[in-house]
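Visitor: Sequence:
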Amino acid sequence: MGFLESIGLRKKSATPVEETSGADAQLSNIELERRLEVMARKITATPYVANANFVALYNSVPEVQWPINYIATRCAGAKYLLKSFKDDSVVWDNEAVNNILVKPNAFETWYRTIFKHFAYKLLTGNSYIKAAMSDAFAGAEVLYQWCDRYVTLEAPLVHIKYQRFINDIYGVADIEDVVKYYTHDIDSYYRTKPIDPRCVFHDKDDTVGWIPNDPLKAKSRLYAALKAISNLIAVYEARNVIYVKRGALGWLVSDQKDEMGSKALTKDEKKQILEETDKMYGVGEGQYPYGISDVKLQFIRTNLSITELEPFEETLADAIIIAGLYGIPSVLIPRKDQSTYANQAAAEKAVYSSVVIPMVQRFCQEFTRFLGLDKDWLYLDADFSDVDCLQTGKKEEQEVHRSITDRCKIEFESGLITLNDWRAQQGYERVDDPLYDKLISEMTPDEIERVKNFINQTPKQDEGEFSAPSVQNEGE
Numbered sequence: 001m002g003f004l005e006s007i008g009l010r011k012k013s014a015t016p017v018e019e020t021s022g023a024d025a026q027l028s029n030i031e032l033e034r035r036l037e038v039m040a041r042k043i044t045a046t047p048y049v050a051n052a053n054f055v056a057l058y059n060s061v062p063e064v065q066w067p068i069n070y071i072a073t074r075c076a077g078a079k080y081l082l083k084s085f086k087d088d089s090v091v092w093d094n095e096a097v098n099n100i101l102v103k104p105n106a107f108e109t110w111y112r113t114i115f116k117h118f119a120y121k122l123l124t125g126n127s128y129i130k131a132a133m134s135d136a137f138a139g140a141e142v143l144y145q146w147c148d149r150y151v152t153l154e155a156p157l158v159h160i161k162y163q164r165f166i167n168d169i170y171g172v173a174d175i176e177d178v179v180k181y182y183t184h185d186i187d188s189y190y191r192t193k194p195i196d197p198r199c200v201f202h203d204k205d206d207t208v209g210w211i212p213n214d215p216l217k218a219k220s221r222l223y224a225a226l227k228a229i230s231n232l233i234a235v236y237e238a239r240n241v242i243y244v245k246r247g248a249l250g251w252l253v254s255d256q257k258d259e260m261g262s263k264a265l266t267k268d269e270k271k272q273i274l275e276e277t278d279k280m281y282g283v284g285e286g287q288y289p290y291g292i293s294d295v296k297l298q299f300i301r302t303n304l305s306i307t308e309l310e311p312f313e314e315t316l317a318d319a320i321i322i323a324g325l326y327g328i329p330s331v332l333i334p335r336k337d338q339s340t341y342a343n344q345a346a347a348e349k350a351v352y353s354s355v356v357i358p359m360v361q362r363f364c365q366e367f368t369r370f371l372g373l374d375k376d377w378l379y380l381d382a383d384f385s386d387v388d389c390l391q392t393g394k395k396e397e398q399e400v401h402r403s404i405t406d407r408c409k410i411e412f413e414s415g416l417i418t419l420n421d422w423r424a425q426q427g428y429e430r431v432d433d434p435l436y437d438k439l440i441s442e443m444t445p446d447e448i449e450r451v452k453n454f455i456n457q458t459p460k461q462d463e464g465e466f467s468a469p470s471v472q473n474e475g476e
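Residues in the sequence shown are numbered consecutively from 1, following my numbering.
Don't take each hint at face value.
[Unchecked claim] Derived pair list, reagent style SDA-like, types lysine to any residue, alpha-carbon separation capped at 20 Å: (1) K270 x E237; (2) K219 x G209; (3) K270 x K227; (4) K409 x M443; (5) K204 x K217; (6) K227 x D214; (7) K296 x S262; (8) K79 x N105; (9) K180 x N167; (10) K409 x E399; (11) K180 x D214; (12) K452 x I404; (13) K279 x D268; (14) K375 x S385; (15) K103 x M133; (16) K271 x E259.
[To be verified] Derived CB-CB ranges, DEER-like: (17) P434 x E108: 39 to 47 Å; (18) E314 x A346: 22 to 30 Å; (19) D93 x E399: 30 to 38 Å; (20) I169 x Q425: 41 to 49 Å.
FYI, nobody ran anything at the bench for these hints, they're computed from the structure.
Quick reminder that beta carbons are idealized off the backbone N, C-alpha and C, glycines included.
All chains should be modelled from the sequences, with the hints used to inform the complete structure.
Guide: Okay, here's the thing in structure tokens:
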């Protein structure tokens with residue numbers, strides 16, 4: 001299978017129009033295949049064909065796959081937590097949400113589910129997470145209490161069936177007033193039943209444009225790089241032609257002479273050379289890497305070498321364009337010489353700050369509403385504190401910790417926050433003690449004196465790090 005077949009953009013040739021027999025039929029098939037090969041390459045290396053199947057491009061062209069994997073793996077690798085709106089503390093004892101964040105369905109983990117979600121969103125512009133549940137509970141406001149199975153659907157196989165009569169698609173309407181149902185058609189054997197629109201979390205990428213007959217779907221970012229992708233396909237095909245010695249490498253001409261001068265090849269000699277070349281010589285299985293001819297020949301080269309074509313510079317330029325669509329700086333793109341730059345750590349940190357974290361935060365906000373967590377004053381959040389490039393130095397961390405402590409102390413003494421609010425802002429768990437949920441104005445003199453005894457203590461130091469404030473152990 002060639003490169004063009006592997007990306008789903010060309011199929012094997014059909015049979016010839018005219019039926020012939022014997023050697024003529026075989027030669028006709030060879031010639032037809034050659035012409036179809038040339039035609040397929042010309043058609044494929046155009047922007048209008050490169051967008052035929054973005055998923056096939058993702059699986060075949062590394063310059064397309066790399067930026068998507070770079071972002072999707074980092075989005076899926078965050079630590080997702082359930083928190084309370086009241087004090088932003090982590091909620092550990094919600095079994096329903098805990099099960100979702102570990103294994104949302106019988107086939108995939110949470111990491112795999114989220115990776116596919118962001119990969120499809122970045123690749124096709126759309127991603128769909130299905131809440132696998134009975135239609136009887138589809139309208140439940142608190143969805144997570146009625147459904148414990150969530151699956152990321154294959155985006156290219158999802159189709160939206162719109163209501164038959166829609167006066168104003170952007171008017172005052174709910175999703176079910178516009179969308180009749182979704183379908184996820186894997187193939188004719190595994191065809192699924194229609195999915196209630198209230199059971200589908202449809203996440204769209206930040207692109208603009210109108211898809212005819214599908215107004216609720218977003219366009220892929222890769223539409224803006226179709227020419228670069230077409231260049232990549234052409235470069236890979238040209239390199240493959242050179243490596244396996246396919247295509248027009250040059251001319252074989254007769255080197256025979258007679259008393260009249262140069263002697264041309266006869267029709268039968270040309271036919272014999274072509275047949276032997278296609279059958280016996282090449283780099284494929286069962287073929288010889290050298291050729292033997294019965295006639296004296298001369299080879300006149302007409303093609304360019306790998307060095308002369310400079311394909312690596314072209315592919316790098318195209319890779320930079322594609323990565324730029326996803327907000328990834330060029331210094332992070334892998335290079336053939338494995339060169340590194342001093343500002344790579346800063347560039348990776350910038351990708352987290354400007355691309356990954358905002359994308360994950362928006363997902364958490366929207367998925368919170370889809371699950372109905374906000375109805376129970378809960379929300380999803382993502383923690384990136386374990387990411388190396390986001391780690392601050394010990395000195396900076398101490399300064400930030402001291403700044404938060406000083407600010408919270410002022411706010412507490414001013415009667416603006418409680419001790420549990422203070423602890424939440426510093427990342428500590430809440431204390432189950434009524435004293436910690438009181439403002440200072442609500443405390444008795446004895447309680448105020450008790451609080452003063454431990455918040456005015458001087459923090460101890462141990463090898464340059466502040467010890468945990470004693471407020472953590474008070475009141476137990």
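Visitor: Confirm or reject each hint.
Guide: Do the hints match the structure? See the list:
1. Straight-line distance between C-alpha atoms of K270 and E237 comes to about 27 Å, which puts the hinted pair past the 20 Å bound.
2. Using a Cα cut-off of 20 Å, the hinted pair K219 and G209 holds, with the two alpha carbons roughly 7 Å apart.
3. Under the criterion of a C-alpha separation no larger than 20 Å, the hint pairing K270 with K227 is inconsistent with the structure, at around 39 Å.
4. Between K409 and M443 the CA atoms are separated by roughly 16 Å; this keeps the pair inside 20 Å, and the hint holds.
5. Using a Cα cut-off of 20 Å, the hinted pair K204 and K217 holds, with the two alpha carbons roughly 7 Å apart.
6. Between K227 and D214 the alpha-carbon distance is near 24 Å, which puts this suggested pair outside the 20 Å criterion.
7. Restraint check for K296 and S262: satisfied, since their Cα atoms lie roughly 11 Å apart, inside the 20 Å limit.
8. Between the alpha carbons of K79 and N105 the distance comes to roughly 19 Å, so the proposed pair stays at or under 20 Å and holds.
9. Proximity of K180 to N167 is assessed by CA-CA distance (about 15 Å); at most 20 Å being required, the pair is judged to hold.
10. Simply put, K409 and E399 have alpha-carbon atoms about 15 Å apart, close enough for the 20 Å limit, and the pair holds.
11. This hinted pair checks out: K180 and D214 have alpha carbons roughly 13 Å apart, not beyond 20 Å.
12. With a CA separation close to 18 Å, the supplied pair K452 and I404 stays within the 20 Å bound.
13. Simply put, K279 and D268 have alpha-carbon atoms about 17 Å apart, close enough for the 20 Å limit, and the pair holds.
14. Straight-line distance between C-alpha atoms of K375 and S385 comes to about 28 Å, which puts the hinted pair past the 20 Å bound.
15. A C-alpha spacing of about 16 Å is found between K103 and M133, which places the hinted pair at or below 20 Å, so the restraint holds.
16. Simply put, K271 and E259 have alpha-carbon atoms about 25 Å apart, too far for the 20 Å limit, and the pair is violated.
17. A C-beta distance of roughly 44 Å is found between P434 and E108, which places it inside the suggested range of 39 to 47 Å.
18. Between E314 and A346 the beta carbon distance is about 28 Å. The supplied range of 22 to 30 Å therefore holds.
19. Hint check: D93 to E399, Cβ distance near 34 Å, so the stated range 30 to 38 Å holds.
20. Taken as a hint, the range 41 to 49 Å holds for the pair I169 and Q425, whose Cβ atoms sit roughly 44 Å apart.
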